[in-house]
Amino acid sequence: MKTFTRLLGALCAAAILATGLPAFAAPDATASLRPAASLPRPMAMPDGSTMKKIQDRGRLIVGVSQDKYAIGFLNPLTNELEGFDIEMAKAMAKAIFGNENKLQIVAVSSAERIPLIKAGKVDMVISTFTINAKRKEEINFSEVYYMSGQKILVHKDSAAKSIADLSGQRVCAPAGSTSAKNILTANPSAKLVETVEFTDCLVLFQMRQVEAISTDDVILAGLAKQDPFAKVIGSGFTAEPYGIGMSKDQPDLVRFANGVLTQMKGDGTWKRIYDKWFGAMGAAEPPRGTYID
Amino acid sequence: MQAPNNSGQANGKIKGMMGTTPGKLRLGMFAIFILSICFAIAGYVGVSGARSSVNTIARDAVPSIVTAQTVRVKLLQMDSLASQEFLAGGADSGAQARVKYEAVRQELGEQLTIAAKNISFGKDEQTPLETLMNKVQAYNGLVEAARANNRQGFPVGAAYLRMASTMLHNEMLPQTQAIDQLNVKQLESEYASFKSASLIHIGVIAVAGLALLAVLGYMQLFISKKMRRSFNLPLLAASAVVVALTAYSIVGMTLQRSNLGAAKEASFVSAYNWLEARGAAYDAKTDQSLFLIALGAGAKYEESAKVKVEKLAAAAAQNAQGDSASALSALRTYVQQDERIRGYDKAGKRAEAVNLALGNGTQEAQKSFDDLNQVLTANLKTATSSFETSIASAESNINLLDLAFIVLSLAVVALAYFGLTPRINEYRA
Numbered sequence: 173m174k175t176f177t178r179l180l181g182a183l184c185a186a187a188i189l190a191t192g193l194p195a196f197a198a199p200d201a202t203a204s205l206r207p208a209a210s211l212p213r214p215m216a217m218p219d220g221s222t223m224k225k226i227q228d229r230g231r232l233i234v235g236v237s238q239d240k241y242a243i244g245f246l247n248p249l250t251n252e253l254e255g256f257d258i259e260m261a262k263a264m265a266k267a268i269f270g271n272e273n274k275l276q277i278v279a280v281s282s283a284e285r286i287p288l289i290k291a292g293k294v295d296m297v298i299s300t301f302t303i304n305a306k307r308k309e310e311i312n313f314s315e316v317y318y319m320s321g322q323k324i325l326v327h328k329d330s331a332a333k334s335i336a337d338l339s340g341q342r343v344c345a346p347a348g349s350t351s352a353k354n355i356l357t358a359n360p361s362a363k364l365v366e367t368v369e370f371t372d373c374l375v376l377f378q379m380r381q382v383e384a385i386s387t388d389d390v391i392l393a394g395l396a397k398q399d400p401f402a403k404v405i406g407s408g409f410t411a412e413p414y415g416i417g418m419s420k421d422q423p424d425l426v427r428f429a430n431g432v433l434t435q436m437k438g439d440g441t442w443k444r445i446y447d448k449w450f451g452a453m454g455a456a457e458p459p460r461g462t463y464i465d
Numbered sequence: 028m029q030a031p032n033n034s035g036q037a038n039g040k041i042k043g044m045m046g047t048t049p050g051k052l053r054l055g056m057f058a059i060f061i062l063s064i065c066f067a068i069a070g071y072v073g074v075s076g077a078r079s080s081v082n083t084i085a086r087d088a089v090p091s092i093v094t095a096q097t098v099r100v101k102l103l104q105m106d107s108l109a110s111q112e113f114l115a116g117g118a119d120s121g122a123q124a125r126v127k128y129e130a131v132r133q134e135l136g137e138q139l140t141i142a143a144k145n146i147s148f149g150k151d152e153q154t155p156l157e158t159l160m161n162k163v164q165a166y167n168g169l170v171e172a173a174r175a176n177n178r179q180g181f182p183v184g185a186a187y188l189r190m191a192s193t194m195l196h197n198e199m200l201p202q203t204q205a206i207d208q209l210n211v212k213q214l215e216s217e218y219a220s221f222k223s224a225s226l227i228h229i230g231v232i233a234v235a236g237l238a239l240l241a242v243l244g245y246m247q248l249f250i251s252k253k254m255r256r257s258f259n260l261p262l263l264a265a266s267a268v269v270v271a272l273t274a275y276s277i278v279g280m281t282l283q284r285s286n287l288g289a290a291k292e293a294s295f296v297s298a299y300n301w302l303e304a305r306g307a308a309y310d311a312k313t314d315q316s317l318f319l320i321a322l323g324a325g326a327k328y329e330e331s332a333k334v335k336v337e338k339l340a341a342a343a344a345q346n347a348q349g350d351s352a353s354a355l356s357a358l359r360t361y362v363q364q365d366e367r368i369r370g371y372d373k374a375g376k377r378a379e380a381v382n383l384a385l386g387n388g389t390q391e392a393q394k395s396f397d398d399l400n401q402v403l404t405a406n407l408k409t410a411t412s413s414f415e416t417s418i419a420s421a422e423s424n425i426n427l428l429d430l431a432f433i434v435l436s437l438a439v440v441a442l443a444y445f446g447l448t449p450r451i452n453e454y455r456a
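So the protein lines, in turn, are chains A and B.
With the first letter of the first sequence counted as 1, position 46 gets the number 218 in this note's numbering; the numbers rise by one all the way through.
With the first letter of the second sequence counted as 1, position 238 gets the number 265 in this note's numbering; the numbers rise by one all the way through.
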């Protein structure tokens, strides 16, 4: 009888949770402003809109990181900025002007991203910018344009399959980064080695002064492209939804950017860009946007 | 009890000699002999000490300091050229920077060989030099890795370059500083002891010369009074030799003191400052390149460049020798170009910024840097040449003077012998 009562209690609790939880769940931190049903034609931005001001200025100002291979970097062979984030920025410029080159790139470091947006020095920041609630208190984000996760880069001859296999081994990440904290959370026995930048980690890795590097998968993919004796292993042990950062004062621009992203995800542009830069990590589908009105 | 007897006998003998004219002549000759020896020793020791100080300062400490500073400048020049080549990528200016880099690397090797031959402080100097030689290999390896990655378009090349530059600043330059400081310490201590010792030596020579001259004068008067001769020519000649040698050595050693002072306190300090200025100029140029290579994350290189420019301006402004006005004017032009470069970069016009940084045109940064470097090099040459001239004068001021003291003191003894012996012999008959 006692056992029956307990079982009944547990079933009731499960039923309450199953039905009641969605009502009380925390709002989706990645939800962005819903885009309009259709995008305005290039060079025909609505009067009074932020996009019209950008159109009148003659160029879209976008902050990007320029030191992340395959994401945003200066190719010394072509002297052109290239990478996944750069192509996103070009798509935004093309949507406003019909010309992807009507773009002014401003190099930004991680710490400069929010201050530059708030100061109005850039229209957008497209720079492996993880959407989170704290940042959303200061700026607006587009819908997720890439769902990243933290993985591990090891030497090709390494037997490690995941972060759990790196106990006692030296794992590198930039000092003070979320990646560094996540390593110790996932495996407190790993020996964390901190550097200034990701590429500094790759130097230590190539000098065999660290056994692994751990950060977002796309950054690791860029590092792996620079070292044929390296490989990315494991599945992501964190979720890093990337969004385009914009000012809280320009919701129309956020809706417009979401419209462009939705179009890119739907017409195959996103997949083409992904395959070009991150295809080596395997096939991927574009992340679905979630919205608030 | 034996000693007082001997002493008493000696005193009695001297008193006996003082009582007779030949005895007084013999005692005078003995006194001249003893004082000539003292004069010779005072002169020889004083002049040798002064020469040794010139040698230590001019041929040991200063060259070691200049070598350490030159090595420092060469390292900074290599760093500057490596970053310029990196910035230029496959462009022509990159190839030119590469050729210069290799030439400077070779010059650095030669300077390190010179430094190795000029070790004066054993392990204290040898250890930093060995560390430096090993680090040069490691630095070059990192630069090669940076170059190879850059040529493949890999951003990790910039990380290798940053690491090379950091190693150069944190691990290599302190070694040159250690060698420099050892020699600066020796230079300061040697110069301080020279300054006080040279005054004492001049005083001792003057006193010994005057004492000898007094005895020679007394004997001249004694002979003149007792033997009714107006002049004893050999004694007169001996007196003239003592006067000339004393006067010449006092003037020579005073001039030498002044010339060495000019070499150390004016020329060397200027040369050191100009070397510092050149090092700061190369360092500022490296920061300019690294600022552009950092692609928007180069704020720390901008700050660092400002510090180098201030250091350069201070070194140029306080220099007594060389054309400070031209150096400061060239620096202003360079800083203007530098500001234009940063302005372009911050406005997102990176290609313009890079072209301006590498450009050799009249209104471009590489040209303004080369002009600045040319002025600094010319000023360094002026100060170095002034140092060499002052040292050569300091050496010529006392040239052969120590030998002259020995030979001429012997001559004084001989002249006194030839002047007094015939007079003593007159009493033997």
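Since the hints were made in silico from the structure, they are not lab data.
Possibly wrong hints are sitting among the right ones.
[What the hints assert, rightly or not] Covered stretches of chain B, as calculated for chain A (at least 3 residues, CB under 8 Å): (1) 148-160; (2) 307-315.
[Said to hold, decoys possible] The list that follows gives simulated cross-link-like pairs (lysine to any residue, SDA-like), each with its CA atoms no further than 20 Å apart: (3) A/K293 <-> B/K376; (4) A/K274 <-> A/I286; (5) B/K51 <-> B/K327; (6) B/K127 <-> B/L139; (7) A/K266 <-> A/K290; (8) A/K274 <-> B/G180; (9) A/K328 <-> A/R342; (10) A/K397 <-> B/F57; (11) A/K290 <-> B/K127; (12) B/K373 <-> A/I286; (13) A/K274 <-> A/G230; (14) B/K373 <-> A/A291; (15) B/K327 <-> A/S282; (16) B/K373 <-> A/K397; (17) B/K376 <-> A/K448; (18) A/K448 <-> B/L139; (19) B/K327 <-> A/K274; (20) A/K274 <-> B/A324; (21) B/K162 <-> A/Q381; (22) A/K274 <-> A/G348.
Think of the CB as a built atom: it goes at the ideal place given N, C-alpha and C, for glycine as much as any other residue.
Hint check results:
no.	hint	result
1	148-160	violated (count 0)
2	307-315	violated (count 0)
3	A/K293 <-> B/K376	15 Å, holds
4	A/K274 <-> A/I286	23 Å, violated
5	B/K51 <-> B/K327	87 Å, violated
6	B/K127 <-> B/L139	18 Å, holds
7	A/K266 <-> A/K290	24 Å, violated
8	A/K274 <-> B/G180	25 Å, violated
9	A/K328 <-> A/R342	16 Å, holds
10	A/K397 <-> B/F57	96 Å, violated
11	A/K290 <-> B/K127	46 Å, violated
12	B/K373 <-> A/I286	17 Å, holds
13	A/K274 <-> A/G230	7 Å, holds
14	B/K373 <-> A/A291	15 Å, holds
15	B/K327 <-> A/S282	15 Å, holds
16	B/K373 <-> A/K397	29 Å, violated
17	B/K376 <-> A/K448	27 Å, violated
18	A/K448 <-> B/L139	50 Å, violated
19	B/K327 <-> A/K274	30 Å, violated
20	A/K274 <-> B/A324	23 Å, violated
21	B/K162 <-> A/Q381	18 Å, holds
22	A/K274 <-> A/G348	35 Å, violated
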